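Enquirer: Use the sequences and the hints to build the structure in full.
Protein chains in written order, with our numbering: chain A, 1 to 331; chain B, 1 to 278; chain C, 1 to 284.
Just so you know, the hints here were simulated from the structure itself, not pulled from any lab data. The structure displayed is predicted, hence computed values, not measured ones. One thing to keep in mind: the hints can contain errors.
Listed next, the stretches of chain C that the computed footprint assigns to chain A, with coverage defined by at least 3 CB atoms under 8 Å from CB atoms of chain A [claimed, not checked]:
(1) 104 to 113
(2) 190 to 204
(3) 235 to 245
Chain A is faced by these chain C residues, among others (derived, beta-carbon under 7 Å) [claimed, not checked]:
(4) G27
(5) D28
(6) F29
(7) L32
(8) E34
(9) P35
(10) C175
(11) N176
(12) A177
Straight-line alpha carbon distances no greater than 30 Å define the calculated BS3-like cross-link-like pairs of lysine-lysine that follow [to be verified]:
(13) C/K247 / A/K324
(14) A/K323 / C/K6
(15) A/K203 / A/K324
(16) B/K261 / B/K206
(17) B/K218 / B/K230
(18) A/K320 / C/K10
(19) C/K42 / A/K203
(20) A/K203 / B/K231
(21) C/K189 / C/K247
(22) C/K42 / C/K6
(23) B/K112 / B/K206
(24) C/K10 / A/K324
(25) C/K6 / A/K320
(26) C/K42 / C/K10
(27) A/K323 / C/K106
(28) C/K42 / A/K323
(29) A/K170 / A/K132
(30) B/K230 / B/K112
Ideal Cβ placement from N, Cα and C applies to all residues, glycine included.
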Amino acid sequence: MMKIAKEHLPRLFAALAKQIDLLLPAQQAEVVNFAPFCPDAEIDLTTLKTANTPKHFFLPQVEDLYTAAVNAGQISISAADTPIKPFAIFGVRACDAAALDVLDSVYLSDPIDQFYQTRRQAGCIITLACEKPTASCFCTAFGINPTEPCGDITTWLTDDVLYWQPNTEKGDKITELVADLLQLTDESPAQDISENICLPLDKFNPDNLLALFNAPNWQDLSVACIACGACTFVCPTCQCYDITDFDTGTSITRYRCWDSCLYSDFTQMAHGNPRTTQAERFRQRFMHKLVYHPANNDQYGCVGCGRCVAACPAGLNIVKVIKKLEVAGNV
Amino acid sequence: MCKPSTDLLIPQVGIITHIRQETPDVKTFRIVTTSGAKAFSHMPGQCAMLSVPGIGEAMFSIASSPTNTEFMEFSIKACGTLTDHLHRLAIGSHVTIRGPYGNIFPMEDAFKGRDLLFIAGGIGLAPVRSAIKYVFDNRTNYGHVDILYGARSADDLVYRHEIEENWASQPNTNVYITIDRPQDDWSGHTGFVPAYFADIGFAPDKMALVCGPPIMIKRTLDALLTAGFKKDQVYTTLELRMKCGIGKCGRCNIGPKYVCKDGPVFRCDELDALPDEY
Amino acid sequence: MLEIMKQRAKELLESGRVVRVLGWQRGDFPNLREPVFFTTAKQLDNLEYDRFCAANLSKYLIGTDVPTLAFLKPCDTYSLNQLVKERQINRQMTYIIGIGCEGSAKLTDMEENGTLERCLVCTKTVHAAFDELIGEDAAPREKNDRFAGVGEIEAMEIAARYTFWQDHLARCIRCNACRNICPVCHCKKCVFDNTKYDTAQRANASAFEEQMFHIIRAYHVAGRCTDCGECNRACPQAIPLHLLNRKLISDINHMFGEYQAGTDTETPGPLTNFDIEMDKEVGL
Chain A
1 MMKIAKEHLP RLFAALAKQI DLLLPAQQAE VVNFAPFCPD AEIDLTTLKT
51 ANTPKHFFLP QVEDLYTAAV NAGQISISAA DTPIKPFAIF GVRACDAAAL
101 DVLDSVYLSD PIDQFYQTRR QAGCIITLAC EKPTASCFCT AFGINPTEPC
151 GDITTWLTDD VLYWQPNTEK GDKITELVAD LLQLTDESPA QDISENICLP
201 LDKFNPDNLL ALFNAPNWQD LSVACIACGA CTFVCPTCQC YDITDFDTGT
251 SITRYRCWDS CLYSDFTQMA HGNPRTTQAE RFRQRFMHKL VYHPANNDQY
301 GCVGCGRCVA ACPAGLNIVK VIKKLEVAGN V
Chain B
1 MCKPSTDLLI PQVGIITHIR QETPDVKTFR IVTTSGAKAF SHMPGQCAML
51 SVPGIGEAMF SIASSPTNTE FMEFSIKACG TLTDHLHRLA IGSHVTIRGP
101 YGNIFPMEDA FKGRDLLFIA GGIGLAPVRS AIKYVFDNRT NYGHVDILYG
151 ARSADDLVYR HEIEENWASQ PNTNVYITID RPQDDWSGHT GFVPAYFADI
201 GFAPDKMALV CGPPIMIKRT LDALLTAGFK KDQVYTTLEL RMKCGIGKCG
251 RCNIGPKYVC KDGPVFRCDE LDALPDEY
Chain C
1 MLEIMKQRAK ELLESGRVVR VLGWQRGDFP NLREPVFFTT AKQLDNLEYD
51 RFCAANLSKY LIGTDVPTLA FLKPCDTYSL NQLVKERQIN RQMTYIIGIG
101 CEGSAKLTDM EENGTLERCL VCTKTVHAAF DELIGEDAAP REKNDRFAGV
151 GEIEAMEIAA RYTFWQDHLA RCIRCNACRN ICPVCHCKKC VFDNTKYDTA
201 QRANASAFEE QMFHIIRAYH VAGRCTDCGE CNRACPQAIP LHLLNRKLIS
251 DINHMFGEYQ AGTDTETPGP LTNFDIEMDK EVGL
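Expert: Rendered as structure tokens:
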């Protein structure tokens, strides 16, 4: 374990930023976002919910795949050569760090997504333990300990000290960059586990798949859904994307971008759509997080960060679905 | 500083070397790479992503057999933005191609050594053709072959020439063709595929492969079960909207299964465990 | 007041005057209120109304084809009128109980954080439509500076103005919350979703497109926007979208005279009413 006096954090960040691209939670208008270090940024280490999530830096909202030059029916392809420099994100909370495991389970499983993998290898996650949850937090329901976040380096912030614990080789390397600012210590930060939130997750057993899918109250649960994608785009684990074209005027850039299963054209085909109602699309989002993803990966697709709770203009959220979904049939 | 290496999402350039008008709205495109080679190897049942940049990209089943080592064929119905555009392309035009995607028909396991029954409706014959031709090219590995194919009208029968000239004369093979309604220049059978299937009276001792419009698949499956087939003897191939082809973009799932990666081939008993959302 | 609301809703439901009631109920988190359709008297015990019931319920009435009771705050009734005018809501199928409002709470991560901006500069304190009223409205605020923010931006140098918007719009994640919550964004197929005409745009592929989405949206609701503030409330990135809309409202006021969308269900909107004399006046 290492430590640094809280008052010296600006020096730590400046020293890190000199050697690697550093992203920090910073106040932007009325929200806090992970943003590139700059000396006059308003760093915020108390807000738990950044509006953007670390997902932005591994699965960007928009990512070019390749450019196709089309001339008189002839095509030539050049793969996107966006350079990806090593970077570190400081202040990642336990839920968001756990969310990367969810993304990893999809993007790093065979066949590996090279774009994601390249960014994942380039990025160092420096987590920051939470002291107490906010009103929308429920990470403990998913077995996440907010006081012991994973990541390449874990940090704990007290009133006057930041404790610093490298966990991986990547974390060691970053630590070396600022070793002269850190002191070794035998102290360990106080870790009060906040109250564990319990949610009735037992029923979301893949064995109940059809009963949950056919639950009688999906329509009722989804009635207020306005079919925007706010919950999906603020979600640190939502991972679906679209692939589409941008006509630059001289060539076609094919890019991928975030997409939402709540959009009516998500599954639209020339000859029909398997999900024609908002209730079906709403069901897909929660079945994916609570049943389908666990069936494939043995982990829930939700980390209880609670951003969707705050983001939904209609007050809908996964906690209500977990509590109120009625399992159909004799299960 | 590092860059993503070539990803599965990045296609090769393909060139259309031959176009055959199968029906008024179906054309078969022969595609090779710009160096004249087959783009990649595959097995029956698998698909590829074809695209015209600026127009769109979509998944198509590979209609040619892996035993054809020179080129791939795709039979495409004009029914949307990309497919309409493909139909306007001339020989020599470029497209992009990536793949192969998806699982395969069990040509080398469950089907091997067995009598086979191929049932298709309309453009659904395209993926089945890959399997049929694979069987003909490896004829000693399989038993008796029955092919039951139906379309809306005689004009809508794809591969009609190939079926009549080649398939019907293959050893130990019966071909049954039907169209939905009688028409003047048609002396063959008329009626829907499931009804014709029941009329013929196939013994339920074979492996079956069914592909066609969703309603035709469902009715044919009912007819197969009535005839004594077990669900684990029947395979089908499904289609949903796809973007990535590698089980990540998240739109072609049926429950926890992705049609692009875990499918498109499903054994019918496997479908029972999945939500009815396809 | 809430008890009277419940009682009236039950009466109207039980008498058969309406078959469902649109209101709010408590969610699973403190301060969370969700829009809901109640269909039984028993369910109505869960009806909630307080300063956390910020959602403008008028959009949920689009296409209503069964008699529906809706509880609307004063500003919500302007949206109702606008939607009736645009033939999206059949007023005959609605029974509106206007309810008093003293402003809605602003939430930050579900904690109360003052009052919504729209309520601080509210001009629509009196119901524009109702079948009956319950409760008292707040008095109009003496000092109303709803265009102050617009003035500040207008006073900026062009480069600073550009930077102001670029900084804000760069945070846009294109979640479409602003669009989908907007009462007057009711196109069956939004131009940004339409793959048939090359206008589909799921994300901003360039900084230029980032601006286009919001600017096109602001123009499309110009003259129809009641300034209900829902886009502002819904934005998870706190982009001051109300400033875009108010800039257009302010310009319309200057060019065509004071106009408040949704005041009634008849008056043609300033941008949908062609008057050659007026056009000469504003120099068009």
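Enquirer: Hint C/P35 vs chain A: min CB-CB distance below 7 Å?
Expert: Interface hint status for C/P35: holds (4 Å vs cutoff 7 Å).
Enquirer: Decide if the proposed pair is consistent with the structure: A/K323 and C/K6, CA atoms, cutoff 30 Å inclusive.
Expert: holds, 25 Å
Enquirer: When you check the alpha-carbon spacing of B/K230 and B/K112, does it fall within 30 Å?
Expert: Answer holds: B/K230 to B/K112 is near 18 Å, not above 30 Å.
Enquirer: Check whether the Cα positions of C/K42 and A/K323 lie no farther apart than 30 Å.
Expert: Status holds; Cα separation ~20 Å.
Enquirer: Given C/E34 was flagged as interface, is its beta-carbon under 7 Å from a beta-carbon of chain A?
Expert: holds, 3 Å
Enquirer: Between A/K203 and B/K231, is the straight-line Cα distance small enough, at 30 Å or below?
Expert: Answer holds: A/K203 to B/K231 is near 29 Å, not above 30 Å.
Enquirer: CA of C/K42 to CA of C/K6, is that 30 Å or under?
Expert: Holds. C/K42 to C/K6 sits at ~10 Å (cutoff 30 Å).
Enquirer: Is the listed coverage of the stretch 104 to 113 of chain C by chain A valid when you require three or more residues with a beta carbon under 8 Å from a beta carbon of that chain?
Expert: holds (count 5)
Enquirer: Taking 8 Å as the Cβ threshold, is the statement that the stretch 190 to 204 of chain C is covered by chain A upheld or broken by the three-residue rule?
Expert: holds (count 7)
Enquirer: Next pair to validate is C/K42 with C/K10; report whether the Cα-Cα distance is within 30 Å.
Expert: holds, 9 Å
Enquirer: With a cut-off of 7 Å, does the beta carbon of C/L32 approach a beta carbon of chain A closely enough for the hint to hold?
Expert: holds, 5 Å
Enquirer: For the pair supplied as a hint, A/K203 and A/K324, confirm whether the alpha-carbon distance does not exceed 30 Å.
Expert: Judged against 30 Å, a Cα distance of about 11 Å means the pair holds.
In summary, the one numbered hint that this structure violates is 13.
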